[in-house]
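**Student:** Chain by chain, the residues run as shown.
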Amino acid sequence: MMKFKLLLWQCIRSREVWLSLVLIALLGIIGILIGSKHLSKQQAAIAEVKQYQEQHFDRQVSLHNEDLGLLLYYAKFAYIKNLDPLAGLSIGQTDVNPTVKRITIKTFEAQKFDTDLVNPMNLLSGNLDLSFVIIYLLPLLVIVLTFNVISEETETGTWQLVAIQAKSKVRFVISKLLIRFFLLLIVLIFLFTVAKIVLGIPLNINFVFLFSLSILYALFWFTLSFFVIVFKRSSGFNALSLLSIWLGLIILLPAGINAFIASKYPVPEALSTAIAQRDGYHTKWDTDKLATIQKFYDHYPQFEKYGYPTDGFNWLWYYAMQQMGDDDSKKQQAALSEKITLREKTSEGIASILPNMHMQLAFNRLAGTSMSQHMNYLDATDTFHEDLRLFFYPKIFEEKYADTINWDQFPPAYYEIQTNKGSLKILIPLFIASLVMIFMAIPMARRL
Amino acid sequence: MKWANVRLFALNFWHNAKKPKAFYLLYLIFILLTAYAAVSGIQNHVVQNDIREEHQDMARQSWVNNPDKHPHRMAHFGTFAFRKSPPLGIFDFGLESFTGNTVFLEAHRQNSVNFSEATFSTGTLRFGELSLALLLQLVLPLILFFIGFSSIAGDKQNGTLKILLSQGANWKEILFGRTLGLFAISLLFLIPIFLIVLIAMLFLNSEIGHDFYWVRLLTIVLGYSLFLFVVSGITVAVSASSNSPKNALLRLLGIWLLLVVLLPKTAQAMGSYWHPTPTKLAFQSGIEKEVIEYGDSHNPDDPHYNKLRDSVLAVHNVKEVTDLPFNYSGFVMREGEKITSKLYRKHNEDLIATYEKQNDITRFSSYLNPFTAIKQLSMSMAGTDFRSYIDFQNQADDYRYELAQTMNELQMEYISPKKKSGSEGKIHVVGHEHWKEFPDFNHQPTPFIQTMKEALPALIAMLLWLLITVEILLFTSKRARAI
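As they're listed, the protein sequences go chains W and Y. The first sequence: position 273 = 273 (the numbering used here), numbered continuously. Take the position in the second sequence, starting the count at 1, then add 1000; the result is the number in the numbering used here.
Pulled out of the complex, with its shape left as it was, chain W reads as follows (with noise of 0.2 Å):
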């Protein structure tokens, strides 16, 4: 115990160590006031959509209650990807891809994919949010607390007195090690007990999964650490190392791949698409509107007593016009989905064998932020607009004043994110990542 202590002493003295560690915690509680600021913006965003709809509603009614094929022409409905409070901790993808949308009946293809208001800049500066500080800045941390743990003993002499006297090499400076994995232990303790506090997040599963993800991180960190200072190197080039392992698998890695990914798997099939669903509507008004109407009740059988109107305009063709929006670009909606499961897949494939990646795409999967996620979301809202047709086209197409519908059933409605819950599973590549690294160190740590 004594032994501890005093390590832990000699520890602390040193004001680098002092100084990165209080900026490393001064910084997380920035990240997580970001993330808080992230949430409560998307909150107001949701009440201001709460309470627009029910007067949007009110005036749509009011203009166009003999027409209700006119007013679905305009009518809005929203549906909200309510955030996770884990989101705050880690961002990700709902800084570019909007959680509350507006939409009408008409093809949904050209309302999907609609981005929200964003300044490009903040997307490329990112966010400086509390994944951000441990995944980017953790690492830096580790690296100041451990690259001179031998090195300083051989550089100041004392490294004779502790072959000496020690019983063992190798737990001397485990210990040394251990001692530093337990401050940094405090400081996300301390961080994440501040994030639970400030963003309201409930005690439950995911959230552990974070924190271990994070300790494993740390780990895997102190493990490439020791890797490095058996070699009994100098300090300085030590730093240099470390640093530049550092540099390579935290921008380098991650940045080639993603130039890899993007040039390998673009994605012209977004564009065909697009056009595809432009086309498939915007032609219908010249071709034979029985046909149209034909192939709507191909795909609604249950409408087809409404019969076929063909003589001018009527809300029965240009709503079947409008499906045809969506059906006749089915093709090039699937290969821009398989498009995207196969960039996802590519990405999280390679994530696997590094650590860096692994951690952001299992901290924005753990807190709902990833792009799959998204994709389900915008899957959901598929199914949410079906259920809005299938509901008015019947009372569309019998002519129904507007103000025979309870419009207070249209409140904006809410999707449940399915945060996969966590399961061991996700913390097997750090775990491996870290034995590989422990491995490498043995015939090393041997010869100390």
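Hint data in this document are derived by calculation from the structure and do not stem from the laboratory. No residue lacks a Cβ here, since even glycine has one placed at the ideal position from N, Cα and C.
Only part of the chain Y face toward chain W is listed, based on derived beta-carbon distances under 8 Å:
1. Glu1117
2. Thr1119
3. Gly1128
What follows is a set of in silico ranges between Cβ atoms, one per label pair, in the way DEER data are often shown:
4. Met2(W) with Asn1012(Y): 51 to 57 Å
5. Ile1449(Y) with Ser244(W): 40 to 46 Å
6. Trp1274(Y) with Ile186(W): 29 to 35 Å
Using the hints, position chain Y against chain W.
**Tutor:** Here is chain Y on its own, set in the frame of chain W:
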């Protein structure tokens, strides 16, 4: 300060830096990274632009192939604008991955620009993108720190510095000499990158003759040279004022982390904290409210349009709109488009102004941070900056407005005044030859003069940093001590 001595120190540094084997390893890695960044950057540029051109043609074909129909149908048929990546986008991706590239242009509606690379990316895009510019802005400074951190602190530690000074060299000569030496080393890294860009531009693009692309490239080269001199100067100055090489290295790394990662991120975060972006709903309903106040062409009882109708009837001395010499519905839509576009533009300008305010913090931090200065300068000159994107949006919206109004005018001219409303059917139609007459959207690169205006603060900041660096070196030369 004797020039001969400065040269001597510079040459001495140049030779010494290249002695260790590690230098060649570093150089090799850098060149490999350069090659990878160049290949993927060029490939991506070509593929993306091909995709966009191909789809621009597809959309155009679709437009031209329309049969005779009512012009208002064409106004809604609309078309697409695809944003083309500028030639120098191969060097600096800038905002390229974060800005949408497709916008649907139709009457009455200003649609969002969709399908940015970021929307289809997993979270890992935020680690950054490997572009040639990233290598110069982020990696090369680190390499220079690694090469130069012991340039003076090392001599201090092993005592050679004392000998040098006692033999008649002075501090200024040493500092400027070593800075120039380090700067010369940095050119070894810079030159291959620009050779690649130069060759790529010669081979890839037929259009680079226009719009001052060579001037842009030259400005970029100049900007990076200044930047690398500044980095070299800072490295040497920090090395001179540190008592050991290890301390010098730690300080330099602290500076790098602060200037490359922390400051830029915080600056942008502060900008959006102080000037929050409105929600899309607030933005749209703001326009909607004003449109209703001003006159809603879709409301049959709207007072503005009733007054307009009465005055038009009075001028032409007729009782019914069907007696007018032109199609009144087309006239109303022309008026409506005018009003809504004007209001949209007003609100959109406010929105852009908010964005600009958010970005201003970053822009002004150029004066505090040479890394931001070069980033801004490089992006603007490459044409992948914020202004260029807004310029695309404006071009697309101008085209959209032209399209809608041309169709409205065709309707006024060719559709019978008797056809009061509606655009369905094959009777009241306009010949399809008119569709071809309306030219396709053609995204023009941002004019050089506008780029220059945008880049000027960053350019001034860069020049200012040159002076500051010289000043720092002079200051250090007075205060520096040999032990």
